[in-house]
Amino acid sequence: MHNDQINAAPVVGLVGNPNSGKSSLFNLLTGLRQRIGNFPGVTVEKKSGILKIGDLPPVELVDFPGAYSCYPTSLDERLVVQELTNPEGDLFPDAILYVADVTKLDKHLLLFTQLRDLDLPMILVLNMADMIGENGLQVDVAQLSKKLAVPVIPVSAREGRGVEELKKAIENLLRNPKAYRPEEPFYEPGALARDVLADLRQELPARNDYHALLLTHHASWLRHIPEQLRHKVQNARVKNGFHSLRAQVEETMERYDAFEPIVQDTVRYAGDKASASDRADGILTHRIFGPIIFVGLMLLLFQALFAWASLPMDGIEWFFEHMGTAVRENLAAGWLTDLLVDGIIAGLGGVLVFVPQIAILFLFISILEEVGYMARAAYMFDSMMQRFGLNGRSVVALISGHACAIPAIMSTRTIANWKERLLTILVTPLTSCSARIPVYVILISFAVPEETFWGFGYQGLAFAGLYFLGIISAMLSALVFKLVLKTSERSFLMLEMPDYRTPVWRNVVVTVWQKVKTFMVEAGKIILLISIVLWALSTYGPTGAMEEAGVITQQLTEEQNLDEAEAANLLASERLEASYAGHVGKFIEPVIRPLGYDWKIGIALFTSFAAREVFVGTMATIYSVGSADDELRIRDRMAEEINPRTGQPVYNQATSWSLLVFYVFAMMCMSTLAVTKRETGGWKWPIIQFTFMTALAYVSAMVVYQVLA
Amino acid sequence: MPFIRSTAASNFVAGMSGTIDRFTNENLAGKLLDIGVRPGSRLRIVRKGPFGGSWYVKIDRHCVALRKQELACIMIK
Numbered sequence: 001m002h003n004d005q006i007n008a009a010p011v012v013g014l015v016g017n018p019n020s021g022k023s024s025l026f027n028l029l030t031g032l033r034q035r036i037g038n039f040p041g042v043t044v045e046k047k048s049g050i051l052k053i054g055d056l057p058p059v060e061l062v063d064f065p066g067a068y069s070c071y072p073t074s075l076d077e078r079l080v081v082q083e084l085t086n087p088e089g090d091l092f093p094d095a096i097l098y099v100a101d102v103t104k105l106d107k108h109l110l111l112f113t114q115l116r117d118l119d120l121p122m123i124l125v126l127n128m129a130d131m132i133g134e135n136g137l138q139v140d141v142a143q144l145s146k147k148l149a150v151p152v153i154p155v156s157a158r159e160g161r162g163v164e165e166l167k168k169a170i171e172n173l174l175r176n177p178k179a180y181r182p183e184e185p186f187y188e189p190g191a192l193a194r195d196v197l198a199d200l201r202q203e204l205p206a207r208n209d210y211h212a213l214l215l216t217h218h219a220s221w222l223r224h225i226p227e228q229l230r231h232k233v234q235n236a237r238v239k240n241g242f243h244s245l246r247a248q249v250e251e252t253m254e255r256y257d258a259f260e261p262i263v264q265d266t267v268r269y270a271g272d273k274a275s276a277s278d279r280a281d282g283i284l285t286h287r288i289f290g291p292i293i294f295v296g297l298m299l300l301l302f303q304a305l306f307a308w309a310s311l312p313m314d315g316i317e318w319f320f321e322h323m324g325t326a327v328r329e330n331l332a333a334g335w336l337t338d339l340l341v342d343g344i345i346a347g348l349g350g351v352l353v354f355v356p357q358i359a360i361l362f363l364f365i366s367i368l369e370e371v372g373y374m375a376r377a378a379y380m381f382d383s384m385m386q387r388f389g390l391n392g393r394s395v396v397a398l399i400s401g402h403a404c405a406i407p408a409i410m411s412t413r414t415i416a417n418w419k420e421r422l423l424t425i426l427v428t429p430l431t432s433c434s435a436r437i438p439v440y441v442i443l444i445s446f447a448v449p450e451e452t453f454w455g456f457g458y459q460g461l462a463f464a465g466l467y468f469l470g471i472i473s474a475m476l477s478a479l480v481f482k483l484v485l486k487t488s489e490r491s492f493l494m495l496e497m498p499d500y501r502t503p504v505w506r507n508v509v510v511t512v513w514q515k516v517k518t519f520m521v522e523a524g525k526i527i528l529l530i531s532i533v534l535w536a537l538s539t540y541g542p543t544g545a546m547e548e549a550g551v552i553t554q555q556l557t558e559e560q561n562l563d564e565a566e567a568a569n570l571l572a573s574e575r576l577e578a579s580y581a582g583h584v585g586k587f588i589e590p591v592i593r594p595l596g597y598d599w600k601i602g603i604a605l606f607t608s609f610a611a612r613e614v615f616v617g618t619m620a621t622i623y624s625v626g627s628a629d630d631e632l633r634i635r636d637r638m639a640e641e642i643n644p645r646t647g648q649p650v651y652n653q654a655t656s657w658s659l660l661v662f663y664v665f666a667m668m669c670m671s672t673l674a675v676t677k678r679e680t681g682g683w684k685w686p687i688i689q690f691t692f693m694t695a696l697a698y699v700s701a702m703v704v705y706q707v708l709a
Numbered sequence: 710m711p712f713i714r715s716t717a718a719s720n721f722v723a724g725m726s727g728t729i730d731r732f733t734n735e736n737l738a739g740k741l742l743d744i745g746v747r748p749g750s751r752l753r754i755v756r757k758g759p760f761g762g763s764w765y766v767k768i769d770r771h772c773v774a775l776r777k778q779e780l781a782c783i784m785i786k
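Residue numbers (our numbering), protein chains in the order written: chain A, 1 to 709; chain B, 710 to 786.
Check each hint, because a few of them may be wrong.
To be verified - Lysine to any residue pairs mimicking SDA-like chemistry, simulated, CA-CA at most 25 Å apart:
#1 A:419 with A:245
#2 B:767 with A:452
#3 A:684 with A:418
#4 B:777 with A:489
#5 B:786 with A:253
#6 A:46 with A:211
#7 B:777 with A:47
#8 B:777 with A:19
#9 B:767 with A:594
#10 A:486 with A:687
#11 A:47 with A:143
#12 B:757 with A:245
#13 A:684 with A:485
#14 B:786 with A:687
#15 B:777 with A:684
#16 A:52 with A:489
What the hints assert, rightly or not - To be clear about the criterion: a stretch of chain B counts as covered by chain A if any three or more of its residues have a C-beta under 8 Å from a C-beta of chain A, and this derived list gives those stretches:
#17 716-729
#18 734-747
What the hints assert, rightly or not - Listing some non-contacts, in silico: residues in chain A with all C-beta distances to chain B over 10 Å:
#19 9
#20 104
#21 110
#22 141
#23 178
#24 201
#25 249
#26 310
#27 327
#28 335
#29 380
#30 493
#31 494
#32 591
Hints listed in this document are in silico derivations from the structure and should not be mistaken for laboratory results.
None of these values were measured; they are calculated from a predicted model.
Here a beta-carbon is modelled for each residue, glycine too, at the ideal position from N, C-alpha and C.
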């Protein structure tokens, strides 16, 4: 409960409808100083930041997910109700900044009136204030504030206007939360709810009638309602014939009737002329041109991805290569130096080299999102996606998956239907993420001749083909899951398409930075660990075995009169075979022989299951090339590799294609599995995901090898 | 285009418009009301989606994408 004293650590919640520009305002207020965590007990991402206002204690600003009303349909929306109906919770705000788009005030006040009836201290923030005055849009702010009985602050998150006034208003409200207590509610629980409330009002931990009503509606899933009370609520609902949906519709209608006159009195909207946005949609969502433009945009995106990313990627590789050399030269030779150079530095380089591609991809995606195009893409492809058991919103995840499956899977939270969301999560890792690129690059050079056909390079075509294979297999797998999984839950499209607007660059920068950071932290941890473990496994072996390798090398060197360099290479490969990693490779060799792989490829496969991008690094270690970062040198060593049984090169067309197909399909990313576990709430789905993808990879690779060989 | 009796919005073709009278499905009604589609709103079908199934609809001044079965529960007068 609130008292007149200012809380030592006040919490201010940012709440509003999706598309109200809430995140824009959050970014404006907190910039890059945001902390990302999870809301307690649930998997919804929690963004918060510290706000310094006057001599107040630091204010924690929490960005709640966008919600339309207190009757949630998605996971994100549930959280808002969960936290705002729990006065005992840590995140229960001392004040709420309710963000509404001034051009959509006739819709955005629904949730406002509901929260107001919960008796929460609030400020109404009118976002997009830069639109006031344009096209005849007029707002009487003073009148609106008087009629709603809350402070009303016009703000333009886009132009950064109104921030000082907003901070002043927050300060006033925190210092004097009771100044704006509502005099009368917008809505009194009606006939449909009266009986059940009479039974429950005293039982429920509610501050007022409306709070009690919301608890009655949602007791079954609210975390702060104990099991026993849930039963009581359920019994009272049954006894009084409480119909939740009907009561919700009644309430919503009454609320619209209550606030609509206020909006009509204080806001004058522009006429209903066809806007520039409508004209743009005439082409961009056209039945024929729309999808063509979408495909064109995607081609452009991937073109740019490769063209722009190559230079910074070369730079990063160059940097780590030189850093490795410098460390080796300046430190005494020994196991610590080896670990630093071959394990840690090579591992870090392996992660950071993907950053340019991920950044560019998310730059594009967040621009498309900011402009408002993603909602159009979801609209255009919804019915096609539905045929595969997905939702129009899955398009966003399937595009993002081409950068990295981790943030892509997290973007599925906007899909309300559990089955559609689950299917999207399961198949997204089949799209070719940027970690597959170096594997593709090195293997395609063995699989495909460097020739052109009508100006198109065969290798480039093969590359495009692998991407295509990824997306096609994602769609077909979704189709299979759709037929297997049954659900009675309703699926919605009901998608708002906001007017096109030029992007707010601050938002784009913040998004790209956060995605890149997530990738570096999530993937970085694992890749670094694996690099170190792999280094140890390939350096050490069972007692005696390594010494024996040394003796054998010496014998062979003397017998065959090898020079120093050849002897060193021979020693390295003999030692690898004797090491623990070699034992692992030999152990799985029988399983992978039908796919055309030997025990050395086995080691690479084995380590790739942690993170597929370690493939190239493992190849470098296995073929004892000093630096992992020079693909050409690794390539040359791989090309020289001869299969002792057939006398043919190991990396012939059949084996290379088989490996390529394996890497398209196989689930080789522990970070993704961890995210799937978090998002689906258990081990069941990540295990299924791992099994089906790996089985698909194994069978396909075997078929490819057996046909080509 | 005048309508004497109310008819489901899914019977409309692109370009037709009317005023929303009521909803015939409570489940969808709750959700539609949430996003600002309500009795008294002006509804206009702008165009059909590229692969069928979804529709680009204007509700008052706002653009919304709705599926055919979502339109089917909206009665227009």
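Hint check:
1. A:419 with A:245: Satisfied, since the Cα-Cα distance of roughly 22 Å is no more than 25 Å.
2. B:767 with A:452: violated, 50 Å
3. A:684 with A:418: Roughly 15 Å between the alpha carbons, so the hint for residue 684 of chain A and residue 418 of chain A holds.
4. B:777 with A:489: Judged against 25 Å, a Cα distance of about 17 Å means the pair holds.
5. B:786 with A:253: The hint holds at about 18 Å.
6. A:46 with A:211: holds, 24 Å
7. B:777 with A:47: Violated: residue 777 of chain B and residue 47 of chain A sit about 36 Å apart, past 25 Å.
8. B:777 with A:19: holds, 24 Å
9. B:767 with A:594: Roughly 58 Å separates the two Cα atoms, so the pair is violated.
10. A:486 with A:687: Roughly 19 Å separates the two Cα atoms, so the pair holds.
11. A:47 with A:143: violated, 33 Å
12. B:757 with A:245: Violated, at roughly 30 Å.
13. A:684 with A:485: holds, 14 Å
14. B:786 with A:687: Violated, at roughly 52 Å.
15. B:777 with A:684: Cα-Cα ~34 Å, so violated.
16. A:52 with A:489: Status violated; Cα separation ~45 Å.
17. 716-729: It is violated: at least three residues are needed, and the region 716-729 of chain B offers just 0 whose Cβ sits closer than 8 Å to chain A.
18. 734-747: Holds, because 12 residues of the region 734-747 of chain B bring their Cβ atoms closer than 8 Å to Cβ atoms of chain A.
19. 9: holds, 33 Å
20. 104: violated, 7 Å
21. 110: violated, 7 Å
22. 141: holds, 21 Å
23. 178: holds, 31 Å
24. 201: holds, 24 Å
25. 249: Not fine: 5 Å to the nearest Cβ puts residue 249 of chain A too close to chain B.
26. 310: At roughly 34 Å from the nearest Cβ of chain B, residue 310 of chain A sits farther out than 10 Å, so the non-interface label holds.
27. 327: With a cut-off of 10 Å, residue 327 of chain A remains clear of chain B, as the shortest Cβ separation is near 56 Å.
28. 335: Correct as stated: the minimum Cβ-Cβ distance to chain B is 60 Å, above 10 Å.
29. 380: Non-interface label fails for residue 380 of chain A: nearest chain B Cβ at 5 Å, not farther than 10 Å.
30. 493: violated, 5 Å
31. 494: violated, 6 Å
32. 591: For residue 591 of chain A, whose nearest Cβ neighbour in chain B is about 43 Å away, the distance exceeds 10 Å, so it holds.
Against the hints set out earlier in the document, violations occur for numbers 2, 7, 9, 11, 12, 14, 15, 16, 17, 20, 21, 25, 29, 30 and 31.
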